[in-house]
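Trainee: Chains A and B supply the protein sequences, listed in that same order. 80 is the number that my numbering gives to position 80 of the first sequence; each next residue is one higher, with no gaps. 203 is the number that my numbering gives to position 203 of the second sequence; each next residue is one higher, with no gaps.
Keep in mind the hints are simulated off the structure, nothing from the lab. Cβ atoms here follow ideal geometry from the backbone N, Cα and C, with glycine treated the same way. There may be inaccurate statements among the hints.
Said to hold, decoys possible - To spell it out: a stretch of chain B is covered by chain A in this simulated footprint if at least three of its residues, at any positions, have a beta carbon under 8 Å from a beta carbon of chain A; those stretches are:
#: 1; segment: 3–10
#: 2; segment: 67–81
#: 3; segment: 208–221
#: 4; segment: 373–380
To be verified - Derived pair list, reagent style SDA-like, types lysine to any residue, alpha-carbon separation capped at 20 Å:
#: 5; chain 1: B; residue 1: Lys-404; chain 2: B; residue 2: Ser-502
#: 6; chain 1: A; residue 1: Lys-79; chain 2: B; residue 2: Thr-207
#: 7; chain 1: A; residue 1: Lys-79; chain 2: A; residue 2: Val-61
#: 8; chain 1: A; residue 1: Lys-219; chain 2: B; residue 2: Ala-314
#: 9; chain 1: A; residue 1: Lys-73; chain 2: B; residue 2: Gln-275
#: 10; chain 1: A; residue 1: Lys-219; chain 2: A; residue 2: Leu-145
#: 11; chain 1: A; residue 1: Lys-219; chain 2: A; residue 2: Arg-128
#: 12; chain 1: A; residue 1: Lys-56; chain 2: B; residue 2: Gly-208
#: 13; chain 1: A; residue 1: Lys-201; chain 2: A; residue 2: Gly-293
#: 14; chain 1: A; residue 1: Lys-118; chain 2: A; residue 2: Glu-204
#: 15; chain 1: A; residue 1: Lys-79; chain 2: B; residue 2: Val-494
#: 16; chain 1: B; residue 1: Lys-404; chain 2: B; residue 2: Gln-310
#: 17; chain 1: A; residue 1: Lys-219; chain 2: B; residue 2: His-305
#: 18; chain 1: B; residue 1: Lys-404; chain 2: B; residue 2: Thr-210
#: 19; chain 1: A; residue 1: Lys-56; chain 2: B; residue 2: Val-202
#: 20; chain 1: A; residue 1: Lys-219; chain 2: B; residue 2: Gln-310
#: 21; chain 1: A; residue 1: Lys-56; chain 2: B; residue 2: Thr-210
#: 22; chain 1: A; residue 1: Lys-73; chain 2: B; residue 2: His-305
#: 23; chain 1: A; residue 1: Lys-79; chain 2: B; residue 2: Gly-209
#: 24; chain 1: A; residue 1: Lys-56; chain 2: B; residue 2: Thr-207
#: 25; chain 1: A; residue 1: Lys-219; chain 2: B; residue 2: Leu-302
#: 26; chain 1: A; residue 1: Lys-79; chain 2: B; residue 2: Asn-204
#: 27; chain 1: A; residue 1: Lys-118; chain 2: A; residue 2: Gly-203
#: 28; chain 1: A; residue 1: Lys-73; chain 2: B; residue 2: Gln-506
#: 29; chain 1: B; residue 1: Lys-404; chain 2: B; residue 2: Leu-302
#: 30; chain 1: A; residue 1: Lys-262; chain 2: A; residue 2: Lys-219
#: 31; chain 1: A; residue 1: Lys-73; chain 2: B; residue 2: Ala-314
#: 32; chain 1: A; residue 1: Lys-73; chain 2: B; residue 2: Ser-502
#: 33; chain 1: A; residue 1: Lys-73; chain 2: B; residue 2: Ala-212
#: 34; chain 1: A; residue 1: Lys-73; chain 2: B; residue 2: Asn-204
#: 35; chain 1: A; residue 1: Lys-73; chain 2: B; residue 2: Thr-207
#: 36; chain 1: A; residue 1: Lys-79; chain 2: B; residue 2: Thr-205
#: 37; chain 1: A; residue 1: Lys-56; chain 2: B; residue 2: His-201
Listed here are the chains, written in short residue letters.
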Amino acid sequence: MERLPGWLRRHIAAIRAIVVLTLILGGVYPLVVTGVAQALFHGRANGSIAERVPGKNGTDVGSDLIGQLFTDKDGNPVKGYFQSRPSAAGAGYDPLSTAASNLGPEDVLDVLPVTGAKNDQGEPDTGRQSLLTQVCARSKAIGALEGVSGARPYCTPDGVGAVLKVFPAVGRATRVVSVNQACPATPFVRVYEGITVECAKPGEDYSAGRTVPVRGDAKAVVPADAVTASASGLDPGISVAYADLQAPRVARERHLPLARVKNLIRANTTGRALGFMGEPAVNVLRLNLALDGR
Amino acid sequence: MTTTTAGIVFIASLVIALGLAYRPIGDHMYRVYTSTRHLAVERGVYRLIGVRPDAEQPWNVYARALLAFSAISILVVYGMQRLQDRLFLSLGLPPVTDHIAWNTAISFVTNTNWQAYSGESTMGHLVQMSALAVQNFVSAAVGMAVAVALVRGFARRRSDTIGNFWVDLVRGTLRVLLPIAVVGALVLVAGGVIQNFASPHVVNTLTGGTQAITGGPVASQEVIKELGTNGGGFYNANSAHPFENPTTWTNWLEIFLLLLIPFGLTRTFGRMVGQVRQGYAILAVMVTLALLSVVLINVFELSGHATVPQAVGAAMEGKEVRFGVADSATFAAATTLTSTGAVDSFHDSFTPLGGMMTMFTMMLGEVAPGGTGSGLYGMLVLAVITVFVAGLMVGRTPEYLGKKIGSREIKLASLYFLVTPVLVLVGTAAAMGNASGLAAMLNRGPHGFSEILYAFTSAANNNGSAFAGVTVNTPWYDVALGLCMAFGRFLPIVFVLALAGSLARQAPVPQSAGTLPTHRPQFVGMVVGVTVVLVALTFLPALALGPLAEGLS
C-alpha cells in the first residue's frame, strides 16, 4: 500500500471509504431505524392504513394520510361523500405519480381546440386549458354541485378565464377578442374601450395582442382550496370552509341532520399544532369513513 | 388566530428554537473538529479505509482526497442505479436511464439533489437508502469539512497543513449527522412518516377505485435530507408528500433541521478562531439576510398578487391545506436560503415576486445560512471580499482575523464568487439559444424563461429545487445541469481550500489602529450590503426578463 503512487493510494482509500460508509449509513442505519420504528410505531411506520372495518384484515381502503378520489367510474362526484381537492397526480390521487400542476400565476390564455384537427398522436385536438380557466371551470362545477354560486373574479359566467386580447398591443384599441371564449359564445363583456368584443375563433393566433384579464365584480363563494390542485396531488385535507360548503349536500343525500354532519366535520378536523403551526384541515377519508360507520 | 399571526408566530418559534440550539450544536461541532481523540469505532473505520488519521494534510493533498472521494462516489451511485434491476429491493424497476443516472449521481454527490426523475417510479428502495441517502450524509460532511478547513486557515499560524480530510469526513458523519438523524428519523415516524421495505400495496378505495399505497425507508432518508441540506425527495412530491411530511409540526421540524447546522457552524467558527464575537458577526449577517427573505416571501405569497391567485382568493395552487400559504412560504425561503431544495409547495405556481425571491435567495450564493458547510465558507469568502473593498475605500490594510488579504487571497475569493454567476448566466443563455433548451418549458412567456433561469440557478448553486414544470429528463438538460452542478460544487471548493492553505501559512499580523474591526454592526452592515449589491448587479437583468416582467406587467 505505502509503495503505490499517491494518486492510486488516494483512490483506493476512497473506494474503501465509500464501501465502509455505505455499510454503516446505507445498511446498519436504515435497518436499525426500521427495526425500532416498526417496534414502537407499527401502524405509522407502515403508512397509517385505513380500514373500512377497523381491525378487520382485508378491508383496507387507503391511508389516513393520503387523499383519494370519491368519484364514480365516470369521474363524477359520489354525492354521499365529501369531495377532495383537485389533484395533478396522474389521473388524480395516484401515489405512483405524485405531482403538482406547476402552472404559473399568470397562466391565463387557453389554446382552444380546433374542431376536426388532430394532434401529433392522431387524436382529436383537445387544446390546452390555462390554470385560470381550470380554476373557473372547477368553481362553476362545484357551485352547481353544491347549489351555490360558482362565480369568481376573473371568470366568465360560462366558466373560463375572463381574458381579453386587445389589438394593437400598444395604443388605442381597434379590435378586442375574449380570447378564452370560443365562438359562438357570447363574450362576457359587450364593449371594451368603445370597441365591440368578439368571441375567439379556435386556431386563430392572438398572440400579438395585449393580454387584459378582467376582474369583474363577482365574489367567490367556493373556497380557494376547492379550485386549486395541491402540491403533492395527494392532499388528504380540505379546508373547514370547503367541508362546510359540502355538508348540506352530504346530509341531504344521506338523510342525516345537518348538525350531525357538521359534528363529524369537527371531529375529523386537525387544528393547528400548538395553536400556530399550519392551517386547520379536515381529513376527507376519515370523515367519509365516519359517515359510512353511522 | 389569523393566518398572518400564526405565520409570524411560526417564524418566531423557529428563531427561538434555533437560538436555543445554537450554542449546543456549535460547541459540539467545535469539539468534534478540534478533538485529538479518536473514538474506537472511528479507529476501526480508519483501519478499514487504510488511512493514518493523525497525518495532517497540506491544502492540495486535502483537496485531492476530497476530489477522489467524490469521483468514486459518483461512480458508485451511477453504477448502483444502472444495476438496480440485478440488486435486491428494486421493486421490479428497470435500470435508470444512463443520462438520468449520471445526472442523479452528480446531483447527490454535490449536495444538490436536483431530481430529473420521479422517485416513486424510478428508484428502488436499495438505491434510495444505500446510494442516495448515503450521499445525503457524506456530501453534507464534505461541505462541513471544507468549511472547517477554511476556518483552520484563519486559526492556524505558519502552518503548512489544514487538517485531514478523512478524519473530518468520518467525524462529521458519525459524530454530528448520524446521531441527530437517528433521533430525528424516529420522531418523524411518530408523526406518520413511513419506514418499511414494502412494495406498493394496492387497496380498493371507498368508491371502488384502486390506489397503490407506497412503501419505503422514508423517515431515515427524510431526516438527513433536511439535516444535511440535501433536499432530494424520496417521492416526486418531496416534502409536500404526506408520507414525507404528514403534519403541521413535522413541517416545522423539517425547517428547523435544515437550518440547524448551517447556523450552528458560525459558533464553531467563532470558537475555532478564538473569538466568539467573530462568529456572532457572521451569524448576524446571515440572520439579517434570512429574515428579510422570509418576510418578503411571506408578504408576496400572502398578498396573492397576480391574476390566478386573485381569482382563487389565495396563492393555494401547488400548496397543501395543512401547511397553508404562510408556512409554505417560510419553508420555501428556508430551503432556498440553504442549499436544501426540498419543497413542501411548488415554487412554479408561486406569485411572480414570491417565486422571484426563491431565486434571489439562491443567487445570494446560499450563504444565509447556506448549505451545511458551504454556507459558512461562502459567507467567509464574502467577508474577505468585504474587507478588501472596505480597505480600498478607507485606505486601511485589508486583513481579516489577523490574516492579510493579499493579491493571492483576493484572487481566490474573486474566482470563488465568479463561478456560479458564470454557470447560471451562460447555462441559461445556452438553453435559450437552442431547441432542446427551449422545449423544456411548461409555461409560456416570462414564466417559461423563469423556469429555465431557476433550473440553472438551482443547479449551479447546488440547491436542487425547481420551477418544476420544466422538463429536464432529457439528455441535453441532464448533461448541461450535471456539468453546472459539478463545476458549481468543486471549483469553489478547490478555491476555498487553496485560500485556506494560503491563510494557514501566514503569520498573524498584530492588530493596529489601521485594522478594521470585523465584529461590529458596521462590518455586519457592510457584508450584507456587499452581498446584496454584488448579487443584484449580477442577476438583475436576468430577473427583469423573467419574474419581474411577469409580476409588474
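Trainee: Hint numbers the structure violates, sorted upward?
Mentor: Hints 4, 9, 11, 13, 15, 16, 18, 22, 28, 29, 30, 31 and 32 are the ones this structure does not satisfy, whereas the remaining hints hold.
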